[in-house]
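Going line by line, the protein sequences match chains D, V and R. Throughout the first sequence, residue numbering follows this note's numbering, covering 356 to 632 in sequence. Throughout the second sequence, residue numbering follows this note's numbering, covering -18 to 210 in sequence. Throughout the third sequence, residue numbering follows this note's numbering, covering -14 to 403 in sequence.
What the hints contain is simulated information worked out from the structure, not anything from laboratory work. Keep in mind it's a predicted model, so treat the numbers as computed, not measured. Incorrect hints may have been included.
[Stated by the list, open to error] One side of the interface only, derived from the structure: several residues of chain R facing chain D at Cβ under 10 Å:
{"no.": "1", "residue": "Phe1"}
{"no.": "2", "residue": "Ile5"}
{"no.": "3", "residue": "Ile8"}
{"no.": "4", "residue": "Pro10"}
{"no.": "5", "residue": "Glu43"}
{"no.": "6", "residue": "Gln46"}
{"no.": "7", "residue": "Ser64"}
{"no.": "8", "residue": "Ser67"}
{"no.": "9", "residue": "Met93"}
{"no.": "10", "residue": "Gly95"}
{"no.": "11", "residue": "Asn97"}
{"no.": "12", "residue": "Leu100"}
[To be verified] Calculated lysine-lysine pairs in the PhoX-like style (CA-CA distance at most 20 Å, straight line):
{"no.": "13", "chain 1": "D", "residue 1": "Lys361", "chain 2": "V", "residue 2": "Lys48"}
{"no.": "14", "chain 1": "V", "residue 1": "Lys7", "chain 2": "D", "residue 2": "Lys629"}
{"no.": "15", "chain 1": "D", "residue 1": "Lys596", "chain 2": "R", "residue 2": "Lys73"}
{"no.": "16", "chain 1": "V", "residue 1": "Lys48", "chain 2": "D", "residue 2": "Lys628"}
{"no.": "17", "chain 1": "D", "residue 1": "Lys357", "chain 2": "R", "residue 2": "Lys(-10)"}
{"no.": "18", "chain 1": "R", "residue 1": "Lys(-9)", "chain 2": "D", "residue 2": "Lys357"}
{"no.": "19", "chain 1": "R", "residue 1": "Lys66", "chain 2": "D", "residue 2": "Lys535"}
{"no.": "20", "chain 1": "D", "residue 1": "Lys535", "chain 2": "R", "residue 2": "Lys17"}
{"no.": "21", "chain 1": "R", "residue 1": "Lys390", "chain 2": "D", "residue 2": "Lys411"}
{"no.": "22", "chain 1": "R", "residue 1": "Lys(-13)", "chain 2": "V", "residue 2": "Lys99"}
{"no.": "23", "chain 1": "V", "residue 1": "Lys7", "chain 2": "V", "residue 2": "Lys(-14)"}
{"no.": "24", "chain 1": "D", "residue 1": "Lys596", "chain 2": "R", "residue 2": "Lys128"}
{"no.": "25", "chain 1": "V", "residue 1": "Lys108", "chain 2": "D", "residue 2": "Lys458"}
{"no.": "26", "chain 1": "V", "residue 1": "Lys45", "chain 2": "D", "residue 2": "Lys629"}
{"no.": "27", "chain 1": "D", "residue 1": "Lys628", "chain 2": "V", "residue 2": "Lys(-14)"}
Just so you know, even glycine gets a beta-carbon here, dropped at the ideal spot from N, CA and C.
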Amino acid sequence: MKNYLKLVNFEFNRCAKLYFVLIGLTAVSQLIAVFVESRRYLSQVNVALYQDKIPKAQFLSETGEMSMFWIVNNAWFSLPIIICITAMLFYSFFIWYIEWMGKNSFIYRLLMLPTARMNIFWSKLTTIALMIFGLIAAQLALLLIEGQLLEWLVTNEFRVDLSIQQLSESSYYLAILIPKSFIAFIMHYGAGFGMLLIVFTVILLERSFRFKGMLLGLVFGTVAFLLFFLPTIASEVVGFKGLYPEELLIAELVLGLMVIGLSSWTSHYLLNKKVTV
Amino acid sequence: MIEVKGLTKKFGRKKVLKGISFTANKGEITCIIGINGVGKTTILNAIMNLTPVNSGEVLIDGEKISKTSYEKITFIPDTMTMLPGFRIEQAMQFMQDFYQTWNQKRADELLGFFKLEKTDKISALSKGNTAKVNLLLGLALDVDYLLMDEPFSGIDIFSREQITAVFTSHLIENRGVIITTHEINDIEHLIDKVVLIDEGIVLREFNAEQVREEEGKSVVDVMREVFQP
Amino acid sequence: MKRYKKIIALVVVVVFSIGIYYIQPLFGPNKKPEFSVVAKSGDKSLTENMSITGYYYENSQLGIGTEMKITPGKTIYQSEKSYLDQLKSFGNINEKISQLQEDYRGFMRGKNSDLANFYEDEMILAYAEITTDDFSTISKDSKITIDVLNKQTNEESSFSVNLPKADEYGYMYVEDVQVANNQLIVITNGYRVNSSNSQDEQHLYSISIPKEKIEKDEKIQLDLIDSKGKQIQYVELMNASTSITPANFLVYRVELNDDSTNMDMYEENQVMTLPVYELIGVNVETGEQFLISGSEELNRHGIAAILSTESDNLYFYKKDGANLSLYEYDLNQKELTEVKVGELSAAQQAMFNEGVIVQVREDIMYFVTAYKIGDNELQMLAFDSNSGELVFEGIIEEKTDYPAKREEVHIENILFEQ
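With the rest of the complex left out, here is chain D (with noise of 0.2 Å):
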């Protein structure tokens, strides 16, 4: 337990520097977008009320208030969001494969240590899991500032306060990455997660049998995916609705189990048997 404890904060500091870098350029990226959606929507107050001589009731009813909903929206603020998912994606596979590039071989070192070889899965495993969460807890800090600095630059008037809550709701982004309730939270992150695991025995693969491994993979990882959708898909696509909503949630929460316990024994038995330097 120690030993991964220690991995995961040797993975961490590896990429801290970069992490923290990307959290930045994102808070001035949305930053910006509070400033510029404000600014658009104020001018636009600047023309109807003074050039038009629109009465600001009506003004008020016709295009309605500024809030964070047109901030969430706007390109300043989804952009970094789509630069941070993929850098994460890319983070996926570049944390194993940057161990066999190059002429320093990590890879050695990390065989050799005197410590379960899962470890070394897991501490990778749980580092990305810990950047993607910190990517969410810096979104949820960045909202709320974002939303008092919009308090200072739009009047009462102009304004409508949307709580976090309701701004989930009224983006694509924000629902699927900060869903309402808790349990939606769980069960797209344990997706998302089980999908990660999959991925890194694919990587496995790859990295044990190289060219084949990577064939052996793609099937495995096709496999995985069906397994692990198949209520879903069964319901959906072939129409079967035998099963009630209640029983589709458990019948996924077993598969989704099944399918990560055998991705796992499946790293564990690569990882201790046949990865190779």
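Assemble the complex: chain D is given as a structure, and chains V and R must be docked to it using the hints.
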């Protein structure tokens, strides 16, 4: 004692190891000699479970390798096993974190001996110095067995002398060492046992001292006999 | 320890922010308002078992809202239900379905969640469905599948019958299921496809359960209606799809529109004539079909008519300035009675002008303002349909500590729970 029994390994279609068997004793320096590409590195990797084998087994003091074995046996490969971005002190801290057999005092001693600074960044080091750091990371572990893969390849002569000096010091004393090389000029006088490999099998395994006395041949003589009959 | 500070800081921040985000709403004040029916005058007992369904917008402009149900004790919001409860009940209509699923779990498994496909009385629970191909259209293989559960013996029987003339129809679905003369009557709506055009068609298939076959196939006689140069826009069964209790009468609402209106649809200055409604009644037991007529009011206001299956009456109303008339059509006697209500006050007139939702129960007609946008109040009036007497007047009061800008309430239906 390290016992290697009947290792076979295929890379794709090619059978690289066709049944390698030999032993290496504690307190002795065993040298595996063969031409480039014959599979010496693969044998060492196999002993350390860094690559799978198709058949055969390796016993270290009578036991198969497990995670705790890495506190008893270590491998110094031909490549750097640390993060290039690390400074030497960070690398040492890493070793200390994970290995109970890490001996910091010995590490410091080696640092001084190799004339390296702990604040040096590994990526900025020359090839010779990198090799020395590698060696340091292996030697500073209080392990019973030390495996080294081509410790002299591409190293300048002065670094080579330093490394050779390590072999005669207390740092190697009482440990079992397996070393691979295809040039034995520097250490012929240090080797206790020789394992000659070609075409995936052990052609001859012998004690250097014994052969010198009984047959009057040097290691190079035996090599010539075996490899160029 | 110093080396761990970055990651420990990260873990702390993560746990804190995500934790607060999910826990805070639990402890924080409930921001959504509580609604309750408050009587101003009249018989309070009328609202004792009354539930009002609708939609509540926190911010109508941004579309942030949720389904709601105003019950005597508390206002229930769909988005505030637990995750599992939200899964089980899509909105308020399917509460009866949820109840059936609980009581008859095996039977209800895999079946449509639409009350239109079900029929229930003390003895049986029946289900009828039309099988379609992958694209929900009728094919020559389409069948009517029937499942019947004997509630006493718990025996289930299932069978299917071929849909007569299936290849002539493009689209067909089950609109209602009834029982008469010991046969199951599957009531369908859909359209027939000829080579040139499509034609709406409604059928009553009388199916014998023991014999497992269609004994009678009646079409709704749309030619009972004198089209007068108008075209039939659509035909709809008025029987509420929000209950599955047996009905003695079916009432079809047929919407007619001028031919010319259709053709000028894309032109600017067209003269829009309002659609006209005709109603066709069907006696479920005898199969007799008749035109419900006798009043021009019916034609114009029939859109808002309410069918009560408990009293076999059709109810509707007409407001003319300050005058309100209530109409009751007795489907058995085929008689229309009109009752004039006393003069409406200005506030009551405003209510009708804004739009109302109507419901009938035990010969009392209930009217509720349909929308609350801005400052208007949700008023409720109840009249005795026989005497015209105002038996209840009240408002749906909103209590909240957090008045939301852009709040809107849409009222959908008034339900009476047993």
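Comparing the hints with the structure gives:
no., hint, in the structure
1, Phe1, "7 Å, holds"
2, Ile5, "8 Å, holds"
3, Ile8, "9 Å, holds"
4, Pro10, "6 Å, holds"
5, Glu43, "6 Å, holds"
6, Gln46, "5 Å, holds"
7, Ser64, "7 Å, holds"
8, Ser67, "8 Å, holds"
9, Met93, "8 Å, holds"
10, Gly95, "4 Å, holds"
11, Asn97, "8 Å, holds"
12, Leu100, "17 Å, violated"
13, Lys361/D - Lys48/V, "16 Å, holds"
14, Lys7/V - Lys629/D, "28 Å, violated"
15, Lys596/D - Lys73/R, "14 Å, holds"
16, Lys48/V - Lys628/D, "12 Å, holds"
17, Lys357/D - Lys(-10)/R, "16 Å, holds"
18, Lys(-9)/R - Lys357/D, "17 Å, holds"
19, Lys66/R - Lys535/D, "12 Å, holds"
20, Lys535/D - Lys17/R, "15 Å, holds"
21, Lys390/R - Lys411/D, "15 Å, holds"
22, Lys(-13)/R - Lys99/V, "19 Å, holds"
23, Lys7/V - Lys(-14)/V, "17 Å, holds"
24, Lys596/D - Lys128/R, "18 Å, holds"
25, Lys108/V - Lys458/D, "11 Å, holds"
26, Lys45/V - Lys629/D, "16 Å, holds"
27, Lys628/D - Lys(-14)/V, "18 Å, holds"
Checked against the numbered hints listed earlier, the structure breaks hints 12, 14; every other hint is satisfied.
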